[in-house]
Each structure stands twice: as C-alpha cells, then as structure tokens.
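Enquirer: The residues making up each chain are set out below.
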Amino acid sequence: MSDTIHIHPGQVGHEVAHDDHHHGHHEQSFVTKYIFSQDHKTIGKQFLVTGIIWAIVGGLFSVLFRLQLGFPGQTFPILETVFGKWAEGGVIKAEFYYALITMHGTVLVFFVLTAGLSGTFANLLIPLQVGARDMASPFLNMLSYWFFFLASIVMISSLFLHTGPAAGGWTVYPPLSALGQASIGSRLGMDFWIVSMALFVVSALLGGLNYIATILNMRTKGMSMTRLPLTIWALFFTAVLGVLSFPVLFSGLILLLFDRNLGTSFYLSDIVVNGEILNNEGGSAILFQHLFWFLGHPEVYIILLPAMGMVSEILSVNSRKPIFGYMAMLGSLFAIAILAFLVWAHHMFVTGLNPFLGSIFVLLTLLIAVPSAIKVFNWLTTLWRGNIRLTPATLFAIGFVSLFISGGLTGIFLGNSTIDIHLHDTMFVVAHFHIVMGVASMFGMFAGIYHWFPKMFGRYLNSTLGYIHFWVTIVGAYLIFWPMHYEGLAGMPRRYLDKSSWASFSQFGDLDKMITIVSIIVFAVQLMFVFNFFYSIFKGRKVTSTNPWGANTLEWTTPINPGHGNWEGEIPEVHRWAYDYGKDGREFIPQTEPVGANESKH
Amino acid sequence: MEHQQNVLLSEMTFQHHTEDAEFKRRVRKTTILLSVITVIELGIGLTIYTIHKGAHPNAYLVLAFKGMVCILTLAKAYYIVSVFMHLGDEIRNMIMTIVVPLMLFIWFIAAFIIDGNSYKNLRNEFDPHFKESTMPKKHGEEHTPAPEPGKQ
Amino acid sequence: MATTATTHQTKWWSGGKSPFNVEYGKLMMWYFLMSDAFTFGAFLISYGSIRFSQNFWPDPNVVFNAFPGLGHKPLPLAFVSIMTFILIISSVTMVLAVHAGHNGNRKAVMKWIAWTIVGGLAFLSCQAWEWHHLITGEHAVLADGKIEIIGQTMTGNPWGQLADHNAMLTALNNSSNDVLATLVHESPLKPEFHDMTHKQLLGIPKDQLLGMINTAEMHVRSKGPIAFGGYFFGITGFHGFHVFSGVIINLVMLIMTYKGVFDRKGHYLMIEKAGLYWHFVDLVWVFVFLCFYLI
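Protein chains in written order, with my numbering: chain H, 32 to 633; chain V, 855 to 1006; chain A, 162 to 456.
Hints are computed from structural coordinates only; laboratory data are not their basis. Among the clues, some could well be false.
Said to hold, decoys possible - Calculated lysine-lysine pairs in the BS3-like style (CA-CA distance at most 30 Å, straight line):
| hint | chain 1 | residue 1 | chain 2 | residue 2 |
| --- | --- | --- | --- | --- |
| 1 | A | Lys234 | A | Lys360 |
| 2 | A | Lys351 | V | Lys907 |
| 3 | H | Lys614 | A | Lys172 |
| 4 | H | Lys530 | H | Lys124 |
| 5 | V | Lys985 | V | Lys920 |
| 6 | A | Lys307 | V | Lys985 |
| 7 | A | Lys307 | V | Lys907 |
Owing to the predicted nature of the structure, the values given are computational and were not obtained by experimental measurement.
Given the sequences, and given the hints that come with them, work out the whole structure.
Expert: In structure tokens form, the structure reads like this:
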C-alpha cells in the first residue's frame, strides 16, 4: 500500500491525478457552451426548456379534448382551419380525440413530468447540493439530454403522420395497440411511439446512472448521507426507481414491436378483427399490462418524489424552521420507493387478475398510505408556528401539500379492489391521479422553478405574476378535477368521446362545460407563466447576493452565476445538516459553517 | 509486483491487490467448479429426458429435478459474480448495493408466475375449446402436470 | 492484509470518497448491468408467465437435439453444452485479461482479449447455426385435418403434442403431393426412395406416394404454442446482440491497448469495465440456458 498516492476530491478531478483544475476558465465556443454542453447546469436548463415546450403542447391537447367533452357536437370552425381533416366541419373526429388523449398522457407523464421535472432538477441540484464540480460523467449526462431530444423529435414527427400519432391511450394496451387494422392510431404512429419511448428509456437510464453515481461517489468532504438535503434523497430514489423499472417497460415494448411487425404472439390470442380471424395464439394481453405497470407504477413516484423533495426543502427554508422529522422523511421516501415496486397490479384489478393475488396487491397498496401520511404530517409540522415567507415558491409548495392530501385520500378508495370494480376507468380515476400526481407534481415543479430561478439565471421571476399564477392555478385545479369525482362515482367512464347519449349523465352537461371553461383559463395562465419565465431570463430583477433566500444548502455558496465547475476555489467542506434554521437565535447556519463549541444539539 | 499500478483514483480509499499465484489458483478452481456444475446440470437434463420417455413419467420427480437445476444455476451465478466479476473482493457496502435490489425479483417472479398460472386455470374452467385443444392427453411427451380445473 | 484494517477504520459514508471504494465509472457499469438484468429478467419472467398459462409446452430435449454434421441423430443438449462451455472459457480469458491489466502487462492484456473475442465469435457462429437449423428444419405437423411441413419460426411451432396415429393416416390422404414427397424423403418405406429427388417424387401420383411412406414409424405432432418461438428467438437474439456488442467493445479495447492508450492513462480500468460487461453476458446465458434448455 505504501506506493499508492492518495488524491482527495475538493480538487476537480474524479478522473486521475493530472486532471485539469479550472474547468470554468477556458474559453468555450457557443456550441460547446449552450448546445452540446457538458455543464450540468446548462443540461438542466435544456431539460427545463424542452419540458416547457412539451407542457404547452400537452396542455393544448387537453384544452382541445376538453372542448369536445364540454361542448359535444358543437362546431368550432377554427379547428377545421387548423387541423383540417381531423376536425371536419369544426367537430373533433373520434380518431383525433383518441390521439389527443393518448398524446396528452404520454407527453405529460414522460416528457414533462419525468424528463422536464427530474431531468431539470436532478441535473441542476445534485452536483450543486452534494458539493461536486459536475456529474460523475458529464459526457453521458450530455448524451442523456440528446437522447431525450431525439425521443422528442420522433414523438413530434408522429403527430404529423398521415394516420396520426398513437391513439390507444398512453398505456398502449394490446391487442388494440398491436393491430394496425384495428384503428388508424395503431398504425405507423404506434411504431413511432415505441421507438420514441425506447430512446426515452435510454435517456432516463443514462441520466439515472449518473445521478446515482454522483450522489454516492461525488459528495464533498463531510457530506454524509444523513446531511444530504431531502431534495437529493428524493432525486436519488427517483433515479433508483427509473434505473430498475424503465428496462422492464423497454422489454415489454420490444415484445409489442415484435407482435406488431413480426407476427409473434406474445400478447395476442384468439382475435377476430373486422371479420378476419388472426393466426396469433397463446399470448396474453394481461402480460403487457403487468410489464407496463411494473414500470408504470414506479413511474408515478418517479414523477412525484422530486416534487416531494423540493417541497420539503422549500417549506423548511421559507418557514425558517428545520424540516420536521428528517429521518422520518427519509425513511418514508425509502418505504415509498420500495412499495412502488410491489404494487403495480392495483391498476389491473378488473382484468381477470387472480383475486387472491389481487388481495395481496390491495394490502401492499394501502401500506403506501403510511409513509405518505408521515410525509404530510411532517410538512404540516414544519410549517407549524414557522416564520413563513409567502413567496410564490412557498405558495406552490403549500399547494402541493394540499393537492397531495386531497388526491391521496381518493387513492384509498381506488386501492381497494372491491370499490375499484365500481370506480375503475371512470372519471373518478382521472380526478384522482390528476390531483395527486399530475397537478401536485406540476406544483412541485413550479415551486422548484420559482425557488431556484435565481440560481439558474441570476435573476428573479416576477412575483406579482407568480402570485396570480398560483391562485388561478390552485383554484382552477380544484374546479376542474373536484367535480370529476362526482361524475366518476355516478359511473361516467373516462376516455369516451361523447357521453350525451346517456340520459343518466345529462345532469353533468353544465358541469362539463364549466370544467372546460376553467381549463381554458388555467391554460392561459400557464402561458402567462411561460412569458414570465422567458422574460425574466433576460429582463428579470437581478440577484444581488449569493444567498437570496437565506438558505443553508451548498448551491448558495457558489457565485451568483457559477461557471462550469461551480466553485471558484476549493469545494467547501460540510460540517452540519442542511436544516439549521432558527437555531441558537440565528436565522440560518449554512452547512459549511463548523459546529461551534457551545452550540446546542439538534 | 513491479508493474502494480500506483495511481489511486480520487474517490477510492485503498487499492485491492491479489497475489498472482493466489489469483491463478482461484480462477482455476472456479473454472473447474463451473464446468462440473454444468456437467451435473446436463446430466439432470438428460435424466429428465429419460423420465419423459418412460411410460409413466412421475411429475413430482421431474419437478424435483428441475428445482435442483435451478439451485445449481444460482450457484453458478454466484461464482461468476463473486469471483469473475470480483464482487466478492469488494467491501461489504458494495456487495450490499448490488445484492439487495435484486430481492425485487422475488415478488416480480412470484406475481407474474402466479398470475400466468391463474390465467391457465381460468381458461380451463371457462374456455372448453382451450382445454380440449391443449390439455395433454397421454403420458410420454410433455411435463406440465395436469392442473386441477377450477383450483385457484 | 493491510486493507482489512483500513476497512474497519474508514467512515465510508462521510463524504469526500466513494462509500463503496469504487470509482464512479465502475459503479455506473454495475448499476447499468443491474438495469440490464431487469431487461432480461422481464423477458424471462414474461416467458415464465406465458409458459405457466399453457397446458402444454414443448420439451426442450426434443426441440434442441441436433448437432452440426450428424443429421437426424437425436443428441439432446449436446450442442448447447458446447456453446455454454465456449462462453465459460471466454469468461475465464476475460478474467485473465483484466488481471493482466491490473499488472499493467500490455502484451498479456492483448493476448487474453484476443482470445475472448475468438470465444465470442465462436459462440455467435454456434448460435447462427442453431437458428438456421431451427428455422429451415422441416417438421411434419397435423393441422386442420392435413399434414403441413413447417420449421420452428416466430409464427409457427412444430413441437406440439404427438398426434393420434389414425388421425395422422386420415390426414395423409388430405395432404398435398408436395408434402407427401417431403415425407417420403423423411421416412421412406424402402431406403432407395430416399435417394429420389423431390422433383422425381412429385411426378408420382398421390396414391402411390402414400404407399411409399413408412407410416408405421412416422410420428406427427400437432402445432405447439406459437409464443415458444417468439420467446426463444427474441431472448436468445437479445442475448446474442449483447454478445455481439461485447465483441465490438472488446475489439475497441484491443485496439486501444495496442495503441497504448491505457499505458498513457496509467491504468487499465476500461478493461475492467469491459470485463464486467462480458461476464454479465455469460451470467445471462446461464439463465437463458436454464430457462430454455434445461427446464
């Protein structure tokens, strides 16, 4: 051992001794600085901007199909002008409607709330908060974004196909998705969908491996695992979930691709389409659902956990109090991550799943209520008697907690297989998952953007627009999704084009109109946020101090506009956890400050 | 050991090193072990083949042999990962971070297989054509023990 | 060893070092392999799920019993055991390459990597032969009251249950001359029929053709589960693709070693990571071997 040389990080290198110490100082061309950048902060911004563009597209889709649901049969001539044959006579065609809901789901779940959310904040925050110059492998990190970009290109192209994009629902269940003759949405658009998702899985994998390796290996001196901010813990579990579950989707999609193009029978058996008897035999359509939801369920936590982590951080910083129950928060994140892998079949209670197996899935599903409740109580107790600063970020974080409670409670209904028989595939499910996972995670994302915008761009977002954004969005979210519970309880199915032929649902006609109008208003307010975002990048109020929020975490010890490499001198050493707020009469004590001799214990 | 590398990466605390002779002995031992296990597996495979050829194959005997092959395969996997991939030489933390997530496979396998089996039972009960056309009629060829219809 | 003492004193999780005493690249490789294990796991578990949902599944000893150059002689498991040994041996040469890298011995690294590449190519050749043999094989199956000749493909499976002898005799009467001519070749009543060409046989009327087949010794199966072929070709194909990319990676490593890239870097860690990948391919084969050939 005597002939080995020890080199400590704190200098740049994670490679070998002779690594370059000053990444930030050499001149870079426009291309290497902004396009094929290997700087984690730039890559994070790339994910964010791409995510915002996708969110506008996906949101617009929802407005379009809400028009159909709120005003079935009514003509909107402008639709024909824009979409041509898809909306002949100004009425949305059934195929168009199915394509819209499919793409809305795919885009929002994968491209916005997975890539746009964890891609952005994992890239931005992990190296900054653990105290690293960059990701473990900046090159693979760059590839991660560009694979996502490629996936986006393929998905966007599918929108312009003659037969339209995939239209079998975002879960692409076979046999519908496997048979082109069954629906035009299952033709070339479906192949594009599969290819795009395969590229997406590669991107998620490259990103996830990097996040995990960085968090484990690249922490600065003194940054033990229990001193990590909860954001990092949440992003860590998110990455673990992605690395272990996306490959299963990948396998499932490859088998689907074979069934579509090579005539195999993995998912197909005993099928007659348009009078034609197919040769396929022996496959099981339920198998695809198992494979899909083995990813699909962890996926909802991939979406939700980053939001949870950021909300924990933002609530603690802005109520000027330590996070309540750090270890309990950590334990519940861990429990959620494990349970996420064990409960997938609760999406399949009515498929003919073995009822005994189903009962085990019910049990495991309801167990999730425990860590979720722990988290909710800890957020509330963090706020309790705090010195709360109601910045837009704080409001969105509180909004997240509110939505997570309201949406989580209906999860208890749906997690019971007996009640689920009544509620499955109704608007109740739509209401549940939009509130608990969709809107809640969007709120987490907004909270993160408002909070870390100063770190990203050295300027603030406009707060007035931020307050308007928050209040309209939270009120709108409840107005849109709350009534859907009633519709669902009454048995109104989801995904249906036109429910006006049911007399029993006619009472909901005005309600659906109201939902549609509110969703248009909410969408308009999101556009206002997008304006605020891009305007503030260039014209926002400038940040003047390195630590505008008075926060403890390491990202606020870097310069206002950090270069590649983040810290100009040595990487700071960490001496305490991230949540010493309001301690010993001091408002906050940064993690870099050594523990004083007379300091009280936390 | 004059060629031993003397650069230690920044993240690492110490360098592993193994004596050449000790290393060679271990690789040889593992190679022989893997080969022997494979030969035993082949032997069991051929035994199953002979049982199937017989007039009255004993389904439980076949099942027991298959269970043995599965265990032997896990043993092979253990040696490949532990010796060839050097996981056995890593510190405990590293071993745990690889082994523990693999536990997820237990529920993954169990749930998929149970539901596959349940799907078969459902069809045997409610799809007479399926049952008639696929249920093995006589002994001598296949190995799937006939399921009791309607059993969950 | 001095290292054991260090292990106990080190605060692994305190930051500033790897908690696993492993550099990040190797850690990422391990986690990538774990992820890939879930890809293969999903394939194999789907296969298990489908297999458990069937009343009947073909016996691997009947399906995989051919050996190159030995014609129709049934030799169950013989060929695949050779493939298995090839992979095990190539894993051993890879271990030796990695070890040579530890010692900074460039020549030895090149030698062992070259042997590993040879092993990989040998395995791929074996697989190509096996696939070719299965796809082009001619097997008589009884379907819809007549005999058909099919190979083992993604869409057809000739390994169903043995058909009833009388049903087979009836089916022979309904079958095409083309099929009957093939059957004469496969099981001729007299050895000299075997030497006739397919074209010659097609010139003979149907009732005579029927008389030329040795029906007493002929066994015909019904069609087996179609998913069998899909899974077999899908999974061994995906594994073969991994072997192929492993060969490419090893080729790149060979060239880089030859050019002295690792000597300049001062370490052969890349070889170690390539080695991990190669062993993983071997590991997956162990399970593919189990699932398709043994049980």
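Enquirer: Has the given pair, Lys307 (chain A) with Lys907 (chain V), been kept, meaning a C-alpha gap of at most 30 Å?
Expert: OK: Lys307 (chain A) and Lys907 (chain V) at ~27 Å, within 30 Å.
Enquirer: Between Lys530 (chain H) and Lys124 (chain H), is the straight-line Cα distance small enough, at 30 Å or below?
Expert: Roughly 15 Å separates the two Cα atoms, so the pair holds.
Enquirer: Are the Cα positions of Lys985 (chain V) and Lys920 (chain V) separated by 30 Å at most?
Expert: This hinted pair holds, its Cα atoms lying about 25 Å apart.
Enquirer: Quickly compare the C-alpha distance for Lys234 (chain A) and Lys360 (chain A) to 30 Å and report which way the hint goes.
Expert: holds (26 Å)
Enquirer: Holds or violated: Lys351 (chain A) with Lys907 (chain V), Cα cutoff 30 Å?
Expert: With Cα atoms ~27 Å apart, Lys351 (chain A) and Lys907 (chain V) stay inside 30 Å; holds.
Enquirer: Check the hint pairing Lys307 (chain A) with Lys985 (chain V) against an upper bound of 30 Å on the C-alpha distance.
Expert: Status holds; Cα separation ~22 Å.
Enquirer: Verify the proposed pairing of Lys614 (chain H) with Lys172 (chain A), using a straight-line Cα cut of 30 Å.
Expert: holds (28 Å)
Checked against the numbered hints given earlier, this structure breaks none of them.
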